[in-house]
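Student: Using the hints, position chain B against chain A.
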Amino acid sequence: MTLLIEESAASTQKKKAHKVRGKVRLREHLMGWLFVGPFGLVFLAFLIAPLAYALYLSLWQKKLIGGTSFVFLGNYVKAFSDPTFLSGAWFVIRFSLVAIPLQIVLALAMALILDAVTSLFTRFSRLMIFLPYAIPTVIGAVMWGFLYSKSFGPLTDVFGLFGATAPDFFSSNLIFYGLINVVTWQWAGYYMIILYAALQGIDPTLYEAARMDGAGKWQVALRIKIPLIAPALLLILVFSLIGTLQFFNEPQILRYLAAGTISPGFTPNMYAYQQAFGLANFNYGSAISFALGGIVFVCVYAFLFFTRKRRSFF
Amino acid sequence: MTGSSRAGARRRPQRHLPVQIFLGFLVVYFLVPFWWVIVNSSKDAPGLFSGSNTLWFADSVDYFGNLQRLFTYDGGIYGRWILNSTLYAFAGGIGATVLAVMAGYGFAKYRFAGRRFSFSVLLGALMVPATALVIPTFMMFSGLGLTNTIWAVILPSLLNPFGVYLMHVYARDAVPDEILDAARVDGAGELRTFIQVAFPLMRPAVVTVLLLSAVASWNNYFLPLAMLSDNRLFPVTVGLGLWQGIASANNSGSTSLWSLIILGALVSVIPLIIAFFTLQRHWRGGLSVGGLR
Numbered sequence: 001m002t003l004l005i006e007e008s009a010a011s012t013q014k015k016k017a018h019k020v021r022g023k024v025r026l027r028e029h030l031m032g033w034l035f036v037g038p039f040g041l042v043f044l045a046f047l048i049a050p051l052a053y054a055l056y057l058s059l060w061q062k063k064l065i066g067g068t069s070f071v072f073l074g075n076y077v078k079a080f081s082d083p084t085f086l087s088g089a090w091f092v093i094r095f096s097l098v099a100i101p102l103q104i105v106l107a108l109a110m111a112l113i114l115d116a117v118t119s120l121f122t123r124f125s126r127l128m129i130f131l132p133y134a135i136p137t138v139i140g141a142v143m144w145g146f147l148y149s150k151s152f153g154p155l156t157d158v159f160g161l162f163g164a165t166a167p168d169f170f171s172s173n174l175i176f177y178g179l180i181n182v183v184t185w186q187w188a189g190y191y192m193i194i195l196y197a198a199l200q201g202i203d204p205t206l207y208e209a210a211r212m213d214g215a216g217k218w219q220v221a222l223r224i225k226i227p228l229i230a231p232a233l234l235l236i237l238v239f240s241l242i243g244t245l246q247f248f249n250e251p252q253i254l255r256y257l258a259a260g261t262i263s264p265g266f267t268p269n270m271y272a273y274q275q276a277f278g279l280a281n282f283n284y285g286s287a288i289s290f291a292l293g294g295i296v297f298v299c300v301y302a303f304l305f306f307t308r309k310r311r312s313f314f
Numbered sequence: 001m002t003g004s005s006r007a008g009a010r011r012r013p014q015r016h017l018p019v020q021i022f023l024g025f026l027v028v029y030f031l032v033p034f035w036w037v038i039v040n041s042s043k044d045a046p047g048l049f050s051g052s053n054t055l056w057f058a059d060s061v062d063y064f065g066n067l068q069r070l071f072t073y074d075g076g077i078y079g080r081w082i083l084n085s086t087l088y089a090f091a092g093g094i095g096a097t098v099l100a101v102m103a104g105y106g107f108a109k110y111r112f113a114g115r116r117f118s119f120s121v122l123l124g125a126l127m128v129p130a131t132a133l134v135i136p137t138f139m140m141f142s143g144l145g146l147t148n149t150i151w152a153v154i155l156p157s158l159l160n161p162f163g164v165y166l167m168h169v170y171a172r173d174a175v176p177d178e179i180l181d182a183a184r185v186d187g188a189g190e191l192r193t194f195i196q197v198a199f200p201l202m203r204p205a206v207v208t209v210l211l212l213s214a215v216a217s218w219n220n221y222f223l224p225l226a227m228l229s230d231n232r233l234f235p236v237t238v239g240l241g242l243w244q245g246i247a248s249a250n251n252s253g254s255t256s257l258w259s260l261i262i263l264g265a266l267v268s269v270i271p272l273i274i275a276f277f278t279l280q281r282h283w284r285g286g287l288s289v290g291g292l293r
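These protein sequence lines are chains A and B, in that order. The first sequence begins at 1 in full-length UniProt numbering and counts up by one. The second sequence begins at 1 in full-length UniProt numbering and counts up by one.
Isolated chain A, as found in the complex (with noise of 0.2 Å):
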């Protein structure tokens, strides 16, 4: 009863608020460019015109004689038969395949217990966990470059305490696992930080029912808490995979560090800021860009697809 003079209260109230609203409908039109306008200038002159000219610029080739010529895809089969930029891309898709997983279960784990465990200890150990997040990652790369270097780093010191030999993430068998390592210490706590407000977000009243049908603290997290920010996980793991296709920052730093291991075409990013700056070759700069972004789209809308859950995120 009191619903039903509720619900129609509120529909009077809508039709009012519709009669108002149908006043303005001329303007609506134009109000709306207007609030959307700024930022879609800048949208079409710093994202739209720069993949069209990205996608020109890829179909030409520059040549010592004879100038500037049109290939059309040229540069696009040049690159999927180059093995530089073939092997980049395979090292960012293995990289992708542990290094994602990893950070993501570590961000769940750290974020569940922050969430189900709340003491002083626990949140000066969120605010700690998080603090790499407030790194620029070029300065990460850097402090990690100082732990792991072999004269100033304390390795040697620490492996010396037991008699074993540091190992050298530089070398070529290990630099895998470094990048790893700073990767994730980068980006966990943040990770964590969006999972635990996702878990905050959840009403309690759902645990006690829970608890009522006599789930335990494991039920309460696999069943309740995990499928309830699904959609902030999907969030972070489309992040993570477009953050980590695109890995620039921290091998070009330690390559400084670790010469010889990095080379300037370690990562397909690297390969195109090598082509078009090292070697002003802008086309095939261009191409590189341009069939990545291509990668990282089709691995993006792929997982999404096959995870159905487009309508959740977006």
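Among the clues, some could well be false.
Stated by the list, open to error - Derived coverage of chain A by chain B (criterion: at least 3 residues anywhere in the stretch with Cβ under 8 Å from a Cβ of chain B; other residues may be distant):
id : region
1  : 118-131
2  : 248-255
3  : 267-275
4  : 291-301
As the list claims (entries may be wrong) - Computed from the model, here is a short list of chain A residues facing chain B with C-beta under 7 Å:
id : residue
5  : 28
6  : 29
7  : 143
Note that these hints are calculated values from the structure, not bench results. Computed from a predicted model, the values in this text were never measured in an experiment. Cβ coordinates follow ideal geometry from the N, Cα and C atoms, glycine included.
Tutor: Structure of chain B alone, referenced to chain A:
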């Protein structure tokens, strides 16, 4: 779990010892690089390379001497880098936030022609790798004579599609249409309604977007690395990268540069840490928005 602790799990007395130990390990892991930097930025070059006590202070702690060297080296270039980073972070952060707040509100509260199409283009843009844009943007700017100017760094950082998405979700949920209509009935114009009625309701998300955009600009490396060639325009990230390249190139000749890099890394992260900790309450609320839909 022992019987006594299970029996004691009524309300409060949960000690969770394994959990606390696990967290303790993690805290150490996340803090080790900071600790190393704090300790070693107090050392002089011989102390740094002595190869002992790498995780503890040397006998002579010389922060002030090192700070003085850091800010006077090469004509005080480090101070300039910090100022440049600050300028890029503020200009890029505030500009991107203003645009994102307006566009997010526009998408959420006006039904205009082309809205659905533009919004789906925006969502597609979330998947475009930002670094794919650097090379063509450089080429465009080079044609306009804008490379190697501060605008080459500031203008591209005005683009923040994720900020628009966050603001759209937040404005849709936190700003009821009824309140906006009431303001309009009272005779407020659209702009006044936006500034005086809607904006205060969106504040938590605004702080989040501002912080995230400013941090993104402060952390930016690839874009300024490509755009700038004059080292007096570098932000601190590119500057420290440059020093690291120089120091690695002639390892023996520039041992003193290493202690400057270490202290420089420490000094450059202090502003960000302060920003995050003082604004903590505000940004965390805003972050959950994007992840809950």
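Student: Now tell me, hint by hint, if it's right for this structure.
Tutor: Hint check:
no.	hint	in the structure
1	118-131	holds (count 9)
2	248-255	holds (count 4)
3	267-275	holds (count 3)
4	291-301	holds (count 6)
5	28	5 Å, holds
6	29	4 Å, holds
7	143	4 Å, holds
The structure meets every hint from the earlier list without exception.
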